[in-house]
Amino acid sequence: MFDLKTLDSYKPIDDKLYRVMDEKGKIILKDWKPSISDPEILKAYQDLLFERTVDLMAVSYQRQGRMYTYPPNLGQEAIHIAAGKVIQPEDWLVPAFRELGAWLAKGVKLSEIFLYFKGHEDGSKFLNANRMLPVSVPIASQLVHAAGLGYAMNYQNEQAAVFGFVGDGGTSEGDFHEALNFASVWNAPVVFVVQNNQFAISVPLKMQTRSINLAVKGVAYDVPSVVVDGNDFFAMHEVMSFARQYVLENKRPFLIEARTYRIGAHTTSDDPTRYRSKEEEEIWAQRDPAKRLQAWLVKHKLWDPAQEDELTAQFRKQIDAEFEAAENYPEYKLDDVFGYMYETLPDELKRQKNNYQNYLKTQGATQ
Amino acid sequence: MKVMNMVQAINDALDLKLQEDKGVVVYGEDVGVEGGVFRVTEGLQLKHGADRVFDSPLAESGIAGTALGMAIAGMKPVIEMQFDGFVYPAMNQILSHISRFRNRTRGKFTVPMVIRIPYGGGINALEHHSESPEAYFGHTPGLKVVIPSTPYDAKGLLIAAIEDPDPVIYMEPKRIYRAIKQEVPEEKYSIPIGKAKVLTPGEHITVIAYGAMIREAQKAMVIAKEKGISVELIDLRTIWPIDRDTISASVRKTGRALVVTEAPQSYGPAAELIAVINEEAFLSLEAPPARLTGFDTVIPLPLGEKHYMISPARIAYEIEKIVKF
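Residue numbers (the numbering used here), protein chains in the order written: chain D, 1 to 367; chain R, 1 to 325.
If you're looking for bench data, these hints aren't it; they were derived computationally from the structure.
Predicted, not measured: the structure shown is a model, and the values here were computed from it.
Beta carbons are placed, not taken as given, at the ideal position from N, Cα and C, and that holds for glycine.
You may find that some hints are simply not true.
[Claimed, not checked] Here are the in silico distance ranges between beta carbons for each label pair: (1) Tyr267(R) <-> Ser60(D): 41 to 49 Å; (2) Gly74(R) <-> Leu334(D): 43 to 51 Å; (3) Arg178(R) <-> Pro204(D): 51 to 59 Å; (4) Tyr275(D) <-> Arg178(R): 57 to 65 Å; (5) Glu279(D) <-> Gly49(R): 55 to 63 Å; (6) Tyr68(D) <-> Glu127(R): 42 to 50 Å; (7) Met91(R) <-> Gln156(D): 22 to 30 Å; (8) Val33(R) <-> Met207(D): 36 to 44 Å; (9) Arg178(R) <-> Ser241(D): 52 to 60 Å.
Can you build the whole structure from these sequences, using the hints too?
Have a look at this one:
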């Protein structure tokens with residue numbers, strides 16, 4: 001069990017990977033028992049399968065020319081499902097862009113995600129998701145927002161944690177360091193989650209840093225930091241739960257390096273064969289988070305892989321329906337361009353909009 | 001009424017808003033205990049507490065980005081960039097997030113925050129302490145940019161900026177921080193953002209300026225007057241959104257225009273204002289609208305500033321040239 005004692009004896013510089021089960025799904029910690037019920041674990045596995053099915057379909061929609069660039073999550077789902085289970089409605093989720101399962105758990109509708117990646121800002125409204133920030137494209141820049149949110153939670157006397165996500169490449173950005181420093185100096189209840197998937201697009205981690213790992217970067221800021229097996233659902237869930245409790249009880253930030261591997265491409269525009277080897281991919285395929293959790297479930301007679309096809313078929317139908325909802329979304333209006341720049345549209349923008357509308361009229365257009 | 005300089009007027013506005021709205025926090029480098037390097041925030045920490053007026057770590061991107069986090073959580077941060085030339089590390093946050101969060105989230109999250117930036121030259125300072133970067137902000141969709149030229153406007157514009165539902169860049173002409181004293185109401189008032197002001201009505205030429213250049217233009221008007229030229233002086237007050245109506249009405253009347261800015265010339269506020277004049281008052285023009293701006297050079301260190309800073313004599317010279325066109 002990951003507890004305060006574990007944390008006290010944990011030194012990031014030792015580069016010890018916190019894990020609960022091995023690559024075959026066998027529990028390797030002595031006397032370890034799951035802190036969540038069997039049905040919850042089964043549900044987590046099904047959520048993981050759902051996220052994976054979404055990814056596969058999203059890539060295919062993109063290939064069919066029905067969606068623009070999409071960043072697949074393949075291989076990193078255990079982190080997202082664990083986070084989704086831990087993050088509470090009152091907590092803030094500050095995403096980078098590859099945390100699909102966590103977004104869905106927060107209440108984001110799949111149709112919104114599709115709409116966003118099809119190219120409509122309305123996809124970032126997240127109508128049913130409280131305290132969920134939009135995708136942040138400039139790398140690591142979102143983490144300082146997380147630190148500010150943490151200050152606000154303290155200032156407003158709220159018991160709410162902030163979860164800020166970033167990738168391994170993002171740890172080279174200044175904002176990563178500024179965010180850790182601000183959060184630490186301000187005692188902000190922020191859980192920083194670094195998804196170390198080994199590559200920043202094509203650049204491998206060894207070109208990114210000479211640090212022994214990414215968790216050590218938290219040490220200088222006096223932020224408790226742990227390297228966790230990001231492909232081990234149990235380990236991720238435990239450390240995330242612990243981190244949430246820790247930041248709320250101590251009013252201090254926490255950093256998790258979730259070590260994982262991006263099985264898919266960076267985005268649908270990327271071709272990983274240009275920069276990584278089949279051998280490496282095969283090594284990581286053995287560590288697939290889905291296979292590991294599945295093995296555990298099968299061993300405990302909670303899941304029969306024969307059920308899987310039926311379940312994913314059902315998922316596919318559901319996902320298709322969500323995608324169609326995004327495809328049938330009302331046409332992008334001129335008001336969508338101008339309407340959200342300011343609370344009240346300034347005269348100058350009214351003028352620009354009006355000039356364009358006058359032009360449209362001469363072309364026989366209606367909007 | 002109380003006689004105040006601009007530093008005192010800004011301090012007064014902050015004090016008032018801190019008093020009135022518990023969501024307001026003021027932070028930046030040295031703004032807490034020291035009260036800011038220009039003493040603009042002097043006494044505010046003592047009065048309102050160290051959780052509301054405080055020194056932050058020295059990192060401008062972090063200062064700006066954390067303020068966005070606070071703003072979307074319902075607070076109203078007023079942050080300080082210590083000097084004009086120090087804002088650049090925060091540009092990613094300002095241009096990529098602060099100005100865009102409302103649009104990106106379709107109004108779900110809004111960013112009611114103020115970024116105060118002392119700006120401009122003429123104070124014999126080091127490099128990066130004398131710049132006029134307003135064009136970057138005026139060019140950025142999603143921001144509003146204001147620059148007061150008097151203590152009265154400084155207070156009213158800052159209150160309007162803090163109460164604005166969108167992010168406002170509030171630039172302070174540090175050269176005249178203490179140069180002008182005037183009577184300022186002690187109670188709350190605000191000056192609408194987006195409204196220029198005709199400071200002096202005149203007949204022959206419209207001069208448009210803002211910030212520290214207003215005082216220089218006023219001195220130039222005295223010289224011009226001796227030559228029989230009547231100048232209409234407009235204080236722009238808001239860089240964006242531009243007050244087209246006030247400018248065009250004036251130039252339609254005078255038929256001539258000179259824009260004076262301390263900022264470098266190319267793609268700057270003067271270019272934008274002249275475009276507005278051409279669009280709105282072309283048929284009334286008696287002479288090509290002109291601009292007198294900083295050079296497209298780095299602003300020199302103090303010994304060279306005399307060449308860069310725009311003097312009243314030079315403004316008067318340009319005025320005469322345009323009138324005699």
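Here's how the hints hold up against the structure:
Between Tyr267(R) and Ser60(D) the beta carbons are some 45 Å apart, a value that agrees with the proposed interval 41 to 49 Å. A hinted range of 43 to 51 Å for the beta carbons of Gly74(R) and Leu334(D) is inconsistent with their spacing of about 31 Å. Roughly 56 Å separates the CB atoms of Arg178(R) and Pro204(D), a value that falls within the hinted 51 to 59 Å. Between Tyr275(D) and Arg178(R) the CB atoms are about 59 Å apart, so this pair conforms to the stated range of 57 to 65 Å.
About 60 Å separates the C-beta atoms of Glu279(D) and Gly49(R), a value consistent with the hinted range of 55 to 63 Å. Distance hint check: the CB atoms of Tyr68(D) and Glu127(R) are about 44 Å apart, consistent with the given range 42 to 50 Å. Checked against the hint of 22 to 30 Å, the pair Met91(R) and Gln156(D) passes, with Cβ atoms roughly 29 Å apart. Between Val33(R) and Met207(D) the Cβ separation comes to about 43 Å, which falls inside the hinted range of 36 to 44 Å.
In this structure, Arg178(R) and Ser241(D) meet the distance hint of 52 to 60 Å, their C-beta atoms being roughly 56 Å apart.
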